[in-house]
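Chemist: Based on the hints, put chain B in the right spot on chain A.
Protein chains in written order, with the numbering used here: chain A, 1 to 576; chain B, 577 to 810.
These are calculated hints, taken from the structure and not from any lab test.
Ideal Cβ positions, reconstructed from N, Cα and C, are used throughout, including at glycine.
A hint or two may mislead.
Stated by the list, open to error - Going by beta-carbon spacing under 10 Å, a handful of chain A positions derived as facing chain B:
1. ASP56
2. GLY59
3. PHE498
4. GLU500
5. CYS503
6. TYR507
7. GLN514
8. TYR517
9. ARG522
10. LEU529
11. ASP538
12. TRP541
Claimed, not checked - BS3-like mimics (lysine-lysine), calculated; alpha carbons at most 25 Å apart, straight line:
13. B:LYS600 - A:LYS352
14. A:LYS303 - A:LYS19
15. A:LYS3 - B:LYS756
16. A:LYS33 - A:LYS156
17. B:LYS782 - B:LYS702
18. B:LYS756 - A:LYS345
19. B:LYS756 - B:LYS702
20. A:LYS156 - A:LYS410
21. A:LYS19 - A:LYS304
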Amino acid sequence: MTKISLEPLMPILDKLAPKGRTALLPALQAAQKIYGYVPEQAAVAIANRLHVPLADVHGVLEFYALLYRTPVGKTVIHICADPVCAMAGADTMLKQTSRKFEFHGKHKDKTPTVTIERSPCLGLCEHAPALLVQSTPLVQPESYTWEDLIAGKGKKPRSIIGGDISILTANCRKGQIVWLEDYKAQGGYQALNKVLQMAPQEVIEEVKASGLVGRGGAAFPTGLKWESAAQSTAQPKYVVCNADEAEPGTFKDRVLMENDPHLILEGILIAAYAIGATYGYMYIRGEYEYQYQVMSQAVDEAKKDGLIGNNILQSDFSFELELRQGAGAYICGEETALFESIEGKRGFPRVKPPFPTTAGLFGKPTVINNVETLANVPFIIQKGATEYRKIGTEKSPGPKLFCVSGDVAKPGLYEVPFGVTFRHLLFDLAGGIRNNRTMKAALFGGAAGAFATESDLDVRLTFEDLRVAGLPLGSGVITVFDETRDMRDVLLRLAHFFAEESCGKCYPCQIGTQRQYEILQRLATSSLLPGDLERLQDVGWTMTEASLCGLGQTAASAVLSAIRLWPELFKSHQAH
Amino acid sequence: MTNQITLTIDEKEILVPPGTTILKAAQSVGINIPTICYHDYCTANALCRICVVEVEGARTLVPACVAQVSNNMRVRTNSERVIRARRTILEMLASSVDLSDAPDILAMLQEYQVDTNRFPEAEERKPSVIDDNPMYIRDYAKCILCWRCVQVCATDAQYTFAINFSGRGYETQIGTFYDKPIPETTCVFCGQCVGVCPTGALKPKKQWLLEQGLPPAEIVQLTRFNRSANSRCR
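Excised from the complex, chain A in its bound form (with noise of 0.2 Å):
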């Protein structure tokens, strides 16, 4: 064992300890940033502080992607492998730096200078293929040196913002962080105003009346699950931002936190008045090391400026809020899985019911919603929820944001209200095709979703629409793949992301991600078994069915899709 001095990291444990468990993985996190990983000893003397059982602290080590038990390289590169990245040559990248790097101090007996990952996808899929260098994204990687790449020298993306309509991302488009003051003058915090005005239950009805569904997915309605929060008699409730977003092919949470902070504050702030909650959590993904860096600086603001803390612009409202960061766990994006790493354990997620709202984060009622659905609350209050209904459809009101990325003349982020037709979307606003190809497919609703093709082009994306045309909204992700594309390596890259994510906690998610990952890896090199395709079909159907939560259940929706759309793909093979 490496002797290590525990002096840089024991003030930092002395102010973490009193929160005792919770403060796990806050606590591994600043270990690994003084030491570069976490040491035994650092290990041990983080589990006596918060009084964490030793072999606790080795299982949630264990279980983050982006913790390490054992030394690594001074610069950590994650490169991103999924689909969008591989398509625009992420694997060439690899093989390339991982060459570099090779005869980069890469001795035996001795610690590489460089440690090189490859990543599930990093939300950086409009600026294809996506890395971080040391947790900083860098773009167009293949033109700079090798040299300049460690130092992590490099451009660094910008959003890409475009649509009908500007209502979630009108702060967005400034090309800078819309700080306080410019938040302030553009009649921010107006909302948290009036609501403060108002009995919590006005808000809940203003928001119910609104139509808002959750952006996360799951299209649940908001409020609803607001009132049913409030209506618990459990005290203290909790309100937690979900920024741990990970879907394959999104990122339009990293969009509105990179660039419009206080407008997701503003959301929170309101939930939590509306519960009666007096503290509150964000959970912002790992791999978002400059957009957590970007909230904390607008909490900071926000709390100098009177809008977090005790009596919030005088009035009788409290209410303190925590960022947190994650650790490389896809899983933690699932509710129940994300309050067990806030709680300082594996994301495991937790068999429902109880759902959050009565028994959530610490066993207390808690809302747990998406950015972008707090995102759209300030709008909603201070418009009202009739003004709010004038976007969109009937049935699927307000503004959305599509991430939409792949094989199209200009990927990025686009919003629009509910009801423009994917062909609109796709040929008006991101400029059809690249390379003036056509389209073989496209994902919606990332790794976790369902494959459209042409036909499906003047589809209404709503939700009834989608719904109908047997395709999920999920997120917003539309990943496109022209006509040249291999979908057997598509397919590969879904299965790998998911082999690799599941948690293990359920059979059919922990034994069925791994198995379809197998078959679809012969799928791939043109060596199917017979049987294989009964055997995608079994073992898809039971993890939709059988898993626990809702990763497992949807670990084979991509597959399953294929299968249906493009039989021939999976019986061509199977003669040899």
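Modeler: Chain B only, in chain A's frame:
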């Protein structure tokens, strides 16, 4: 009797108190729903999903070990969907680990006519046996990740917290802090984990040695426990 819940399981009308699980309600009228991870004295986690049943109106199959009954619920414990799920789960399990020491699961494989070679070329989990203490061995090639051992070691029984998980997903394995041998952990050798293990992944070392045909004298030698030395271990 006003507090009783009425429901139907496999066409049988049943009256049970509220809060009863489907599993227990079924048992009360002699309907046996198979389980693997469930244990009467452990927290139910609904993770093996073998106990899934079909509940009318539910989107997906429902785990009977945790799902509570409700009025007018209609449950089918042996429908085509239920059987397809159970069989596939068992086939996948058989392709992953060594079930030779798990009599209950072996009987289930028979009952559900499981093709144990359904998944050719599947990656099996077969780490080598860990023999690091005189009391029990850990043969994780037989571990089905039912979680019982971790739970009895923690708040379900002993509050010892010697073991937890390493890795995640298919790569999950029961592990100790930084992979330390058992005598260097908080283990108090209470044996409860061995008691609840359904697959022989945890086994008394004496039994393990006996099965390998070692003579009794040698077994005694190999399983002698130096209490004074070990009692000081954390």
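Chemist: Given TYR507 of chain A as an interface hint, is its Cβ closer than 10 Å to any Cβ of chain B?
Modeler: Holds, about 5 Å.
Chemist: Taking 25 Å as the top limit, are the C-alpha atoms of LYS303 of chain A and LYS19 of chain A close enough?
Modeler: holds (20 Å)
Chemist: Under 10 Å is the threshold here; is the Cβ of ASP538 of chain A close enough to any Cβ of chain B for the hint to stand?
Modeler: Given a least distance of 5 Å, the restraint on ASP538 of chain A holds.
Chemist: Can we keep the ARG522 of chain A interface hint, with Cβ of chain B closer than 10 Å?
Modeler: holds (8 Å)
Chemist: Once the shortest beta carbon distance from GLY59 of chain A to chain B is found, is it less than 10 Å?
Modeler: Check passed: Cβ of GLY59 of chain A comes within 3 Å of chain B, closer than 10 Å.
Chemist: Decide if the proposed pair is consistent with the structure: LYS782 of chain B and LYS702 of chain B, CA atoms, cutoff 25 Å inclusive.
Modeler: The given pair, whose Cα atoms are some 22 Å apart, holds under the 25 Å limit.
Chemist: Holds or violated: LYS19 of chain A with LYS304 of chain A, Cα cutoff 25 Å?
Modeler: holds (23 Å)
Chemist: Is the interface hint for TRP541 of chain A satisfied, with its Cβ closer than 10 Å to some Cβ of chain B?
Modeler: This hint holds: TRP541 of chain A lies near chain B, its Cβ roughly 7 Å from the closest one there, short of 10 Å.
Chemist: Taken at face value, is the distance from the CA of LYS352 of chain A to the CA of LYS600 of chain B at most 25 Å?
Modeler: holds (19 Å)
Chemist: Mind checking the CB of GLU500 of chain A against every CB in chain B and telling me if the closest is under 10 Å?
Modeler: holds (7 Å)
Chemist: Taken at face value, is the distance from the CA of LYS410 of chain A to the CA of LYS156 of chain A at most 25 Å?
Modeler: The given pair, whose Cα atoms are some 18 Å apart, holds under the 25 Å limit.
Chemist: Holds or violated: LEU529 of chain A as interface residue toward chain B, Cβ cutoff 10 Å?
Modeler: holds (6 Å)
The structure shown violates none of the earlier numbered hints.
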